[in-house]
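*Asks:* Let the hints inform the model, and build the full structure from the sequences given.
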Amino acid sequence: MHDMSAHAAAHHAPPSGFIRKYLFSVDHKVIGIQYTTLSLVAAFIGMALSWVMRIHLGWPAASIPFLSTLSPNGAPGGVPTPEYYLSLMTMHGTIMAFFVLTAAPMAGYGNFMLPIQVGAADMAFPRLNMASFWVTFVGFVVASATFIIPDGPPISGWTAYAPLSAVGPAAGPGQGRGQDLWVLSIAFFCVASLLGSLNFIVTTIDLRTKGMTLSRLPLSTWAWFINAWVSLLAFAVLLPTGLLLLLDRVGGTSFFIPGGLVVNDKVLQHSGGSPLLFQHLFWFFGHPEVYIIILPAFGIVAHVMPTFTRKPLVGGWKVITYAMIAIGSLSFIVWGHHMFVSGMSPNMAMVFSVPTLIITIPSVIAVLVFAFSLYGANIRFTTPMLFCLGFISLFISGGIGGFFLAQPAVDSYLHATSFVVGHFHFTMGLSAIFATFAGFYYWFPKMWGRMMNETLGKVHFWLSFVLVYCVFMTMHLMGLTGAVRRYSSYVADFMVPQIPTNRFITVAALLLGAVQFIFLYNAIWSRFKGPKAPDNPWQATTLEWDTTSPPPFDNFDGRQITVRHGPMEYDADASVMQTSPEQSIAGT
Amino acid sequence: MSQSELTMSTGHEVLMEPSPYGIEKKKLGMWFFIVADACTFATFLFGYGYMRVGSQNWGTPFEFGTILNGIVMTFVLLSSSLTMLAAVRTTQAGEKASANKWLGLTMLLGTVFAILHLREWFKMIREGWGLFSNPTGGTTQFGACFFSITGLHLTHVISGVIALLIITRGYNQGRYNTSHVETAGLYWHFVDLVWMFVFPLMYLMNAR
Amino acid sequence: MPGKAFAVVVVIITLVIAYCVITHVWWMPVDISAHGPKIDHQIEETVFGAGILFIAGQLVLASFAFLYGDSKGARKMKAFPGGAKSLIVFACVVVGVEILVLSFIGSKAWASVYFTPPDPDSLRVDVQAGQFAFYFRYPGPDGKFGPLHPDLINEATQNYFGLDTDHDADSKDDIVTAGLAIPVNKPVLLTLHSKDMGHSFDVRELRIQQDFVPGIVIPVHFTALQTGKFEIVCTQLCGLGHYNMKAYLEIMTQADYDNWLKQQAAMQ
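Chains A, B and C supply the protein sequences, listed in that same order. Terminal number for the first sequence in the numbering used here: 588, no gaps in between. Terminal number for the second sequence in the numbering used here: 208, no gaps in between. Terminal number for the third sequence in the numbering used here: 268, no gaps in between.
Simulated from the structure, these hints should not be mistaken for laboratory data. Hints are all accurate, no fakes.
Listed below are the simulated DSSO-like cross-link pairs for lysine-lysine, each with C-alpha atoms no more than 30 Å apart in a straight line:
hint: 1; chain 1: A; residue 1: 458; chain 2: C; residue 2: 78
hint: 2; chain 1: C; residue 1: 108; chain 2: C; residue 2: 229
hint: 3; chain 1: A; residue 1: 318; chain 2: B; residue 2: 27
hint: 4; chain 1: C; residue 1: 262; chain 2: C; residue 2: 246
hint: 5; chain 1: C; residue 1: 4; chain 2: C; residue 2: 85
hint: 6; chain 1: C; residue 1: 72; chain 2: A; residue 2: 458
Taking CB as the label site, the calculated pair distances span:
hint: 7; chain 1: C; residue 1: 90; chain 2: A; residue 2: 532; range: 43 to 49 Å
hint: 8; chain 1: C; residue 1: 89; chain 2: A; residue 2: 13; range: 52 to 58 Å
hint: 9; chain 1: C; residue 1: 25; chain 2: A; residue 2: 19; range: 56 to 62 Å
Chain A is faced by these chain C residues, among others (derived, beta-carbon under 10 Å):
hint: 10; residue: 60
hint: 11; residue: 68
hint: 12; residue: 76
hint: 13; residue: 79
hint: 14; residue: 84
hint: 15; residue: 109
hint: 16; residue: 113
hint: 17; residue: 202
hint: 18; residue: 246
Backbone N, C-alpha and C fix where the C-beta goes; we use that ideal spot for every residue, glycine too.
*Replies:* Written out as C-alpha cells, the structure is:
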C-alpha cells in the first residue's frame, strides 16, 4: 500500500520569508541545522563550565576572571563556593549529556540526513519535527535560566538523587527553584525526544524510496532507527520519574523520601518513600541513555569509514546492525550496575553484572569490525577519517574501563572515584564526540555547500586526540588510588597530594578547550568563505551524495530515486552510487 | 539515469518501498506513541507496586461504593470503545451521519467517565484524602499513588475527548478522513486498555 | 604519512598507560582487611585480562593505520580473510571466557563481603551520616543500642543520634564519638543509617564502600588486620559540604582500644 504522504510533502512549495524558512521551518534540513547549532552553543557552554571546575580543582583559592560578575553569590571574589562548584558540575553533566550528546549526533545529523538517506522528501511528520526542536529549545532555555535565578542551578548532579533533590530548599543552596526548573527542562527534553523518535521510526519504516530495502539502508540510518527505539522506551520512563520528583518537591508527596529525616534541624513531614526507587527509575532510563549517546556514533563511524577505506566494512551491513540491535536491547537490563553499593540487595548485583559483561560482546564485535575494516584498505586520511580512527582508539580505552566497573567486587572499590569519571568521559565525552566531529567534517559540505579547511581540521584532530588522553586517562589512573569524584576541593588527607596531578589535568583540559576554538573558527569561516563543495566531494555512495550540496528543498528536485545497490559498494577506487544502474563488482 | 523518471511536474506520484506492515504513517506513529505512553504508565505502576510491597501499613480503604462507582466507570469506558469501533466502521463505510452519531456517543461516554471520576475524587478529597494525607491513618503513599496514576489516566481521557472533537469537526468539514478516525480510535482503545490495568491494581486491590 | 603518525602516537599512548598501570604509579593503598585480598586479586586479574585486550586492540589499530594508507593504486586491496566470522568467534569465545572467569571469581569476592554472615561476637558500632559529618555509637556495657528519636536530634547539645537518655534505659550507656576506633583482628559489625541524605562510607584501605540510604539500616562487617589511622570519606554527593565530610578510623590493639573506650565513656 503506497503512502501518499511523501507525495504531499513533495507537493508543497518551498517556504518564503525569513521566519518560515529559517525559524519556524518544517524542513528537516533546517531543523537538523537548528539542532546542530543548539548543540554547538550548548557544547561551548558546557565546556566553559568544566573550565571553571577544573581551575578550581587545580587552584582552589584562585580568583577566576569574570566569575564574580557572572555570579556574585556563587563566586564572591571570583572564587567558586562549594555549592557553586556543584551547581556547575550538575549543569555541565546535564547540558553535555542531553543538549549536546543526545541532540547533535541523533537529532542534528539524523534529522538532516535520514530522510535523504532513505530517499524521502522529508520526515513523516514535518510539523511534529518542528515542534520537537522548539520544545528542545525551550528545555534548553529553562535549563539556562537556572543560572540567573537567585538560588542558582541545582547541586545534586545530573543524576539528581533523592532525597537531596526531592526535599526542596532545606537540603541546601541550589535545591530550591533551580531543581524545579531543572526537572521542567528535562521534562521538555523528554517530550521532544519522544516526538523525534516517533518521526525517525515511522520515516524509516514507511518513507523509503523505491529499491531502498532495509538491507540497503546506510548504517547511519540503521543506527538512528535502532536508537529511536531505545530513545522511545527510555525517555518514556524518565518523564514520569521527573514528574514524581516534582510531586515530591512541590506536591508534598513522598515517593522518594522516607520518614524521620532531619534536614537543617527540622524533622521532615514526609514519610514512606524510597530513595532507591528513584535510583531504579532514573537508571532504567539512565543506562539506555548512554547507549542512546553512543549508537549514533557507531552509525556515523560505520557510515564514514567505508568512504575513506574504499571498501565495505567487514561483515557488511548485517554484523554491525545486529551488534547495534543487541547493544540497544541489552541496555535495558543492566541498569543496576550503577547501584552495586547503593543498598540494593546484593543478590541483584550478580543479576546485573552478568548482562553488563555480556553487553561487551557486541561492543567488542563492533570495535573489531571497525578496526579490521582497515585491513587491506587504501585509507584516505581525511579529517573525518582521522576522527573515526580516533574514535576506535578512544572507545577501546573507554570500554576497557567498563570491564572493571561491571564487576561488583571491583566496583565496590572504584565506585564514585575519578575512574568512573574517566570511563564515562572516554565512552561518551570522547568517543561519541569524536564520532560527532567525524560526522560534522564529513557532512559539512552537504549541509552548507562549502568545504571545511583540511589543515585546520587535522590540527584540531591531532591536538584534541593527544590532549583528551592527557586529561581523561589520568583521571582513570587517579581513580585507581581511590580519588573521590564530585568533590569541589581536595581536602581529604589522601587527596591533597593529588592536587599536582589535578593541575596537570587542568592545564591539558584548558588547552583542549582552546583547541576547540580552532574547530569553531574553521566551521564559521568555511560556512561563509569556504570553497564551494561539489555534490560528492568524498566520492561516497549513499543517497545524500546523489543530490546537490546543499540539497534542494524537496531533497531530490522532484526526481524519482530508485535504489539498486547497498551503500558499501566500491569498484576498486570508484564508488558505486546506490542509484547507479551499473552492476556492482562482486567481492572486495 | 536511464531507468528513472525525470518528470519535473508537480503532482506526480513518488514511487516508494511499500510499508512493510501495510500501516500508513499516521497510524504507525500512533502505535509508537502508544508504546511510549505505555512505558510511562508502567513506570507509575511500578512505583506504586514498589511502594505498596515495601509498605507496612498500606491499608485497603475502598468501600463497596467506590468499587461500584469504579465498575460503572469501567462499563462506561468499555462501551465507549465499542462505540468507537462502530464509529470507525461507519467511517470506513462512508456513512457520515452514522459515524457522527457514534463519534458523538464515544465523546459523551468519555465525558461521563470523566465526570464520574471527578465526582469520586472530590468525594475523597472532602473525606480528607490527598496527595499526602490519609484520613484512615494509614500510609500517605496511598493518596500519592492513587491521585497521580488516576490523574494521569484522566488527563488522557479528557485529551482524548478533545481530540475526538477536533477529528469529528475536521471529518465533517472534509479535512480529515477515515485514517484520522482510525488513528484516534487506536488512541482511545489504548486509554481504555490502561484503565483495565488501573482499575484492578488501584481499585480492586485496595478494596476492603 | 598521517597513518604512520597516528600509529606512532597510539603506540606511545598505549605504552605510557601500560607503564603507569604495571608499575603502579597510581595504585590502591595497602589492603588491611581480611576480605580485601579477594578484591585486590580480582582487580589484578582484571588489569591483566583487560590490559591485554587494551594493548592488543590499540596495537592492531595502530598497525593497520600504519600499513594500509592510500597507496594510490600501487597496492591491491584485500578483504579480511574469512570476513567477520573470526572476529565474532573471537569476541564471543575470548571475551565470553574472560567474562565467565571474572564473574565466577568475582562472585566469590562479592560473597565474602555480602554473603558471609557477620561473626556473632562482632563488635557492634552504629554509624550515622548526616550533612556533613559521621558519628559513631557504641552500645556500652549493656551491649544494647537505645532507640533513636529524630525529633530529639540536637547539634548544640551534641545529641547527634537523638537519644532519649531520660526515658530509654538502653540509651543511658551508649557512647557517642566523632571518630571510629576498633580493635585490630576483631570482627566488627557496623550498622549504617542516614539522618538526612544519601551518603557513603568509604575506607579505601579496608576495601569497603557502602552507601547510606535514608530509611534503611544497612549492615557492613569486616575484620581489620593492621593497626593505624585511616580516613573515612563520604563518596555520595550529599550537598555543599560533601567534599569535606570525613572522619577517622583508628585501629588499635585491644588494650589501647579498651582505654580509648573508657575515656570516651567518661566524656559522655
